[in-house]
Amino acid sequence: MKHSRTYYPGSRTGWKIFWMAILLVVLVLVNLFTGSVHIPVKEASGILFFNGEDHIIWKNILFKSRLPQAFTALMAGAALSASGLQMQTLFRNPLAGPSVLGISAGASLGVAFLVLLFKGFAGSSLSEAGWIGNIGVSAAAFAGAMGVLAIIVLASKKVASNTVLLIIGIMIGYAGSSLVGVLKFYSDQADLKNYVIWGLGSFANVATAEMPYFIAVLTLILIASLFFVKHMNLYLLGERYAQNLGVNIRRIRFVLILLSGLLVAITTAYTGPIAFLGLAVPHITRNIFVTSDHRLLLPLTMLTGAIIALLCNAIARMPGFDGALPINTITSIIGAPIVIWVILKQRNSL
Amino acid sequence: MTPILETKDLAIGFRSGSKEKVLHRGVALRIHKGELSCILGPNGAGKSTLIKTIAGFLKPLKGVVNIDGAPVAERSYRELAFMLSVVLTDKVSVLYSKVSDIVSMGRYPHTSLFATLKENDYHHISKAMEQVGISGMKDRLFHELSDGEKQKVLIAKGLAQDTPLIILDEPTAFLDFPSKMEVMQILLQLTRTAGKTILLSTHDVELALQVADRIWLMDSGKPIVTGCPEDLVLNNEMNHFFEKKDIFFDPHSGTFRIKTSHQKKIGMKAGSHVMMWIKRALERVGYEVVEPDDTLHRIIAGESSNILLLSPSGKQHMFEDIESLINFLKKEQ
Numbered sequence: 001m002k003h004s005r006t007y008y009p010g011s012r013t014g015w016k017i018f019w020m021a022i023l024l025v026v027l028v029l030v031n032l033f034t035g036s037v038h039i040p041v042k043e044a045s046g047i048l049f050f051n052g053e054d055h056i057i058w059k060n061i062l063f064k065s066r067l068p069q070a071f072t073a074l075m076a077g078a079a080l081s082a083s084g085l086q087m088q089t090l091f092r093n094p095l096a097g098p099s100v101l102g103i104s105a106g107a108s109l110g111v112a113f114l115v116l117l118f119k120g121f122a123g124s125s126l127s128e129a130g131w132i133g134n135i136g137v138s139a140a141a142f143a144g145a146m147g148v149l150a151i152i153v154l155a156s157k158k159v160a161s162n163t164v165l166l167i168i169g170i171m172i173g174y175a176g177s178s179l180v181g182v183l184k185f186y187s188d189q190a191d192l193k194n195y196v197i198w199g200l201g202s203f204a205n206v207a208t209a210e211m212p213y214f215i216a217v218l219t220l221i222l223i224a225s226l227f228f229v230k231h232m233n234l235y236l237l238g239e240r241y242a243q244n245l246g247v248n249i250r251r252i253r254f255v256l257i258l259l260s261g262l263l264v265a266i267t268t269a270y271t272g273p274i275a276f277l278g279l280a281v282p283h284i285t286r287n288i289f290v291t292s293d294h295r296l297l298l299p300l301t302m303l304t305g306a307i308i309a310l311l312c313n314a315i316a317r318m319p320g321f322d323g324a325l326p327i328n329t330i331t332s333i334i335g336a337p338i339v340i341w342v343i344l345k346q347r348n349s350l
Numbered sequence: 001m002t003p004i005l006e007t008k009d010l011a012i013g014f015r016s017g018s019k020e021k022v023l024h025r026g027v028a029l030r031i032h033k034g035e036l037s038c039i040l041g042p043n044g045a046g047k048s049t050l051i052k053t054i055a056g057f058l059k060p061l062k063g064v065v066n067i068d069g070a071p072v073a074e075r076s077y078r079e080l081a082f083m084l085s086v087v088l089t090d091k092v093s094v095l096y097s098k099v100s101d102i103v104s105m106g107r108y109p110h111t112s113l114f115a116t117l118k119e120n121d122y123h124h125i126s127k128a129m130e131q132v133g134i135s136g137m138k139d140r141l142f143h144e145l146s147d148g149e150k151q152k153v154l155i156a157k158g159l160a161q162d163t164p165l166i167i168l169d170e171p172t173a174f175l176d177f178p179s180k181m182e183v184m185q186i187l188l189q190l191t192r193t194a195g196k197t198i199l200l201s202t203h204d205v206e207l208a209l210q211v212a213d214r215i216w217l218m219d220s221g222k223p224i225v226t227g228c229p230e231d232l233v234l235n236n237e238m239n240h241f242f243e244k245k246d247i248f249f250d251p252h253s254g255t256f257r258i259k260t261s262h263q264k265k266i267g268m269k270a271g272s273h274v275m276m277w278i279k280r281a282l283e284r285v286g287y288e289v290v291e292p293d294d295t296l297h298r299i300i301a302g303e304s305s306n307i308l309l310l311s312p313s314g315k316q317h318m319f320e321d322i323e324s325l326i327n328f329l330k331k332e333q
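Protein chains in written order, with the working numbering: chain Z, 1 to 350; chain G, 1 to 333.
Hints are all accurate, no fakes.
List of simulated lysine to aspartate or glutamate pairs, DMTMM-like, C-alpha gap at most 25 Å: (1) G/LYS8 with G/ASP213; (2) Z/LYS345 with G/ASP147; (3) Z/LYS158 with G/GLU74.
Think of the hints as simulated: they come from the structure by calculation, not from any bench.
With the sequences and hints as input, model every part of the structure.
Next comes the structure, spelled out in structure tokens:
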């Protein structure tokens, strides 16, 4: 007897994946070959791929700025999008995203404490502390994010209802923002500006030396996430149906919150809070591939997230601009219309 | 024969903190293999709570639910997934999932980490879709289906799960009447031909009377009454449970009827189905139908659907349909 194998991607899906993989490579190259300093493509590829052309300045720009930035964008895009999808599925809410549990607010709070109070303790502004300051900011963001993640994970063990958990997360977010507001109020202008700039997000803050660890850790968590696609599929039917189909609801909820939270915490520590990517990309991916099967959707959301982050980064550093635009302005301008479009489109079916 | 499902001294209800709200206690019920059992009762009687407790979503406040002789509470989620499948009232809103994708989720407990479906799984999926008659819509998107079609897809999901016991919480709610009938017929068929054991709750008393092997009558504050539906009608339990002011259970037709006040009498002998429908119409407009005698208008069904009325004065009237008969009687008053 012949049965239709509905779960294997059709040839059209195969072609879509193929073209998107090409697009990813093209966008990585665009990110390498464009920027405020003009480096001719021929020379740039010589430096990148053939180790030729002893142009020290260009070499530095390529290897210490553009290459790490491209990989940061790629990894952050994939990580935030996967995290957003995990939250949307867990809470069965199309408007959930990586920031929904207050984890990025925790990161902001950590950074606010450091940047805005540093002068009071150290006597000089953090920006004068150079690279130690950069690492300090990442550490503070990570500490803040992990602090909130710990609270949420503890709450998830106590609270049975997902809705209650969601509300706790959102409230922690608000509380964090208001604390940041207090700190801002009492801080001086230079520090405030530093904090605001961090808040606008940037893919340029992962140092070349930290790059391998950044990539390795995020890749590990993303791979770990792929092992829960079956449970995420069942979550689409609702918690009770999932339980009836053998899912240990509490355990999976714990795992999804932990994985999603770690992705956000690590990414935000280096890039600052990136708006909209994690919320919008899962929707874009569902629409492109017309599927909600996480076995396809989760890896493809990572792919789409990487592409869109690279695209935003390329736009932000378009040669016409003096320097680079803050990344959040681009992600928001692209993300906001998409979210509106998704809501209009889903209004009838949700 | 050990029952496939049995509750012993079960207390159901809700627990919040140290407070307990008990809806029913001392519940002792059993279902045997291949039976279709229906839980009937008004809103708030605890039907859903009982179903959720049996399916393992709620913990019993006291007592045990045994499936295949072992308590549900001691089984892992995974073990339970092979014993019972559920169809719930929870709204399923999945975008971009095909009907066959939803049905195939019923196979997930039988698959490995990445839910790779094998030949045997495809066999169960297509068989399940055939049994509920949705094979023709397997490639349609779930979120575009009507409520009745969605219900059938979820039943097929439960069938694909391939468990001996299927539990459904109000599977006919929100459906139009033909769909209600169809769903009930499908469920009855599954117990008769596929050997499934089915427990469902419903508000559709008349449908339940037609299909159920056993009925559980529930109301808040009363002990649960169980029995074969016909026994419950004959020993007046049905009437007892559902009787309200001006509504009564008519044991002759097996339906609920609205009590009408009869000011006038009319004579008619019971007989064919035509006479039965004439009687219903007369009762609706306020006549009590009694044995015919000379002092009353009498009705004698004529040829085919023509109706013959004999007045006390001996005059005869012919009517083509019930409506003209009623119009005539109204004018007479």
